[in-house]
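Taken in sequence, the protein lines are chains A and B.
Going by this note's numbering, the letters in the first sequence line up with residues 1 to 214, in that order.
Going by this note's numbering, the letters in the second sequence line up with residues 215 to 951, in that order.
Do not rely on the hints blindly, as some may be mistaken.
As the list claims (entries may be wrong) - Chain A regions said to be covered by chain B (calculated; three or more residues, Cβ under 8 Å): (1) 59-67; (2) 98-104; (3) 140-154; (4) 186-198.
These are computed hints drawn from the structure, not numbers from a lab.
For every residue, glycine included, the Cβ atom is placed at its ideal position computed from N, Cα and C.
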Amino acid sequence: MVKDSSTKRSIPWIRLSMLMVFVGAIIVIAAQVLDQKLHYVGEDVVPGPIVPGTQYPDEKFTGIDVPQPINFSHKIHAGDNEINCMFCHTYARRSKVSGIPPLSKCMGCHTVIATDKPEIQKLTAMWEKGESPKWNKVHDLPDFVHFTHQRHLKRFLFDNEELDVSDAKRVCSMCHGDIAEMTVAKKSRPLTMGFCIRCHEANEGPSDCTKCHK
Amino acid sequence: MSQVKSGEIKTMSQSKLDRRQFLKGLGLGGAGVALAGCDLPSYVTLEQGEENVISYLAPDEYVIPGVGVWYASTCLGCAGGCSIHGRVREGRVLKLEGNPDSSVNMGRLCQMGQATLQSHFNPDRIANPLVRKNGSLVEASWDDALSLINEKANSGKAAWATGAISGHQRVVVETHLSAIGGSNHYAIEQINANVWQTACGDIIGDPNPEIHLDKAKVIFSLGADFLATFISPVHFAAHYGEFRSVPRGTLIQAEPAMSLTGGNADHWVGIKPGTETSLALGVANALMNKHGISGSGISNATKSLINEHDPATAASICDVPADRIEKIAASLAANSPSIVLAGGTATANANGYSAAAAALMLNQILGNIGVTITSGRELAYPQLGLIEGNSANLKDLAVDANKGKIDVLFVSGTNPLFLAPKSIKMDEGWNKIGFKVVLSSMLDETASAADVVLPLASSLEDWGSHIPAYSTGTRNLALQQPLMEPVFSNTRGFGDVVLGLAKQAGAPGLDEYDDYYGYLRSAISVLKKTDSEKEWNSFLMAGQTPVPSLGRKLSYIDGKISQTANTATDGGLTLIASARMGMWDGRGANLPWLQESPDQISKVVWDSWAELHPKTAKSLGIKDGDYVTIKSSNGEITTRAFIYKGIHPGAIAVPIGRGHSALGRYAKNNGVNPLFILDGGVDAKTGEIATAATRVEVKNAGKNKPLAKLMEIDRQHGRKLVATISADKQRITEGGT
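Can you build the whole structure from these sequences, using the hints too?
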């Protein structure tokens, strides 16, 4: 007896779901290409060995403007006045996070410097009230990524005989771009896993999954 | 993309797609994603400006964001009082570990200790004081709540109910109690070793002797679940590790329903509930008659009891084969020193005290007393000592409340309305108490029925001093210090609240202390005879400090074994309300980590179950996952059956701890509470509520739903997942033949 077709296990929508997955994959790839089109503009290659003895990541990204409660300018501090990044981000060499400097550090200078500027007056008012500003996070990695500033600074700065510690900003700019030219910080590298992996491959960083995904 | 995928999964759950097809689809889809995965467009994975980051104002020198600082404190998960280190980062406590310098837990910490974090960050904690108005609890200010207490606290006979309590918390509670003219302090702990400790006190003259598992070559345990629930499980587990190292000791566990310790035993003996005394007497008989053990110090009365219990007779009483009894005796005779313990299910019946006495008798004739059981040390300041708490006090509370002996009751650290069997009429008694104040961080069954609820800080936000339930050598005072700022700002520490209540009630000599920290610090500086800042800080860093103690001496007084047999033969089953590390007496049920950890024996998560022997299940027509109704003379509970062989065929075991009607979202309406249907029987000598003695009828409730558990099948089907050797070969590795 010929089997009735209705007794066969027919799942019509498996095709549909496969199609959806396929379309989904296309969307992802297309979106990525589009993303690159949008953001990877202009100088694709950063010229010269910015950090000596290092393959320098050459990918760019144009982040969105993230407004901050106080219009802090990296250009004035790190650019014009050439303050070392680690003067304020003092935790970067000791911890996984570089840390926002404590308000006491800001006030160390700004009780006497530029006290007439409205932004500094805003800061002083907060200090007097005992409140820290609620900064908005610009460079945010997912919770499952364990990135550590300490290890990267050791590899590229402190263990790097060709680079003086006073030139720390060259190392910082590998991932953060030329912060010294920015007013309010903006993301300027993609910081995706691909970005990390390419740099790790080029500079012989660890490639096992559990180094970053613990 | 993410939207497409979730839609897809939704369709799958409604369809008959099988696993293979699902995996195929997932694989193909996954491959597509993987191609692009490493460089997903940034707006999918990486946020900019979404989260806040707040800097410190002026941090201490040693504070480094991203790097944890470890502070010492004490775990309040049970009365064990393990010393802990808490990792604090950016002002939050993130992880607890055991303090390696502690003589209690030696760097170890159990799952309940680990999960303390979740009782601290629990979303269902009480944030504000609650006062009963028109029948329901409404939020009130501290001032209103305290003035209401001030008005009512002196209006009659007052009492306190707590869990295990020690150190200066005990002192302030007793100070408050006497200030309001009360005298009764009920210390309630459902899971305790009261029967064993009472027997030890009566028979060998030391209620808390040192138990040296590491020195024993054989452990014969009558129901004492020393790896999970007996006195100080983390301590014993550490010593058990040494006991198991080369040369490997042998563990024999006799109990009606398998516990964690039973699961680790070389020989597990499924004994008929309530007959442990007979087994011990049978073993003593074989030791004396076959192995020439003399039995010094044993009275003639006990000797004649032993003579009545030759292995064959004992076998007929306790349902353990006679040759098994002889093997236990042979093992004990050949391997000295050994140790015999009694606790848990063996002491949770009318003959419990007798079983503990019989275990001590075995230790006496085997010469273990003074070798593996040695004298402990007694605190030189008895007023700070630990009140262990027991379930006899639970019954006393219910009886006294029903007799109208309590008008005002303060409760903290215990949940009598959840723990009490319906047969002891706690609910009725509770309603007769005119004014009830509960100090708690969670709205449990008891707090929900109170007139005033005062919200407490969590154990990780509070100050305290504690005497651990068990430690060897010098006695230490364990210090509890806050590891972070309060999560709920309107909560107060236990010591602060009770000190405030005592001051308000006019207790003398407390006015000089602004808060409990001040009181504690001053009291400890008196105790340590120094008030230097440096000493105090070193005490805080260590988390403990030695306090003077006095040695005790062991003796042996015979003649405490009285009853021998469990006479129940009505054809029903014996309900064993079994205790587990995890849910404990119910306090763990609001912690998802503990709900999610598979039970040590059944591997079930997030629900109750009833353990049944396959033979019993077959005769009752019950399959694994069937709902069964367990009916006693005091009510019934319905839960699902878990069929396995680690239980005596005449017993049914339901773990305690679940079945809450309050205690927050994770605990509420989850599982059943076997304590409710206990018949209220007690151990004849100590009055401990007999949790392994209630006769029940078990019926199939006519529904089946597989239990959610790890390890769905207990067979390997030839896959060799776990390497095995035959039992005979294994005995050779243990020095057998």
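Here is how each hint holds up against the structure:
With 5 residues bearing a CB less than 8 Å from a CB of chain B, the segment 59-67 of chain A meets the requirement of three and the coverage assertion stands. Given as covered by chain B, the segment 98-104 of chain A passes the check, having 6 residues with a CB less than 8 Å from a CB of that chain where 3 are the minimum. Coverage of the segment 140-154 of chain A by chain B holds [criterion: at least 3 residues with CB-CB distance below 8 Å; count 3]. Against chain B, the segment 186-198 of chain A contributes 8 residues with a C-beta closer than 8 Å to a partner C-beta. That satisfies the three-residue criterion, and the hint holds.
Violated hints: none; the structure is consistent with every hint.
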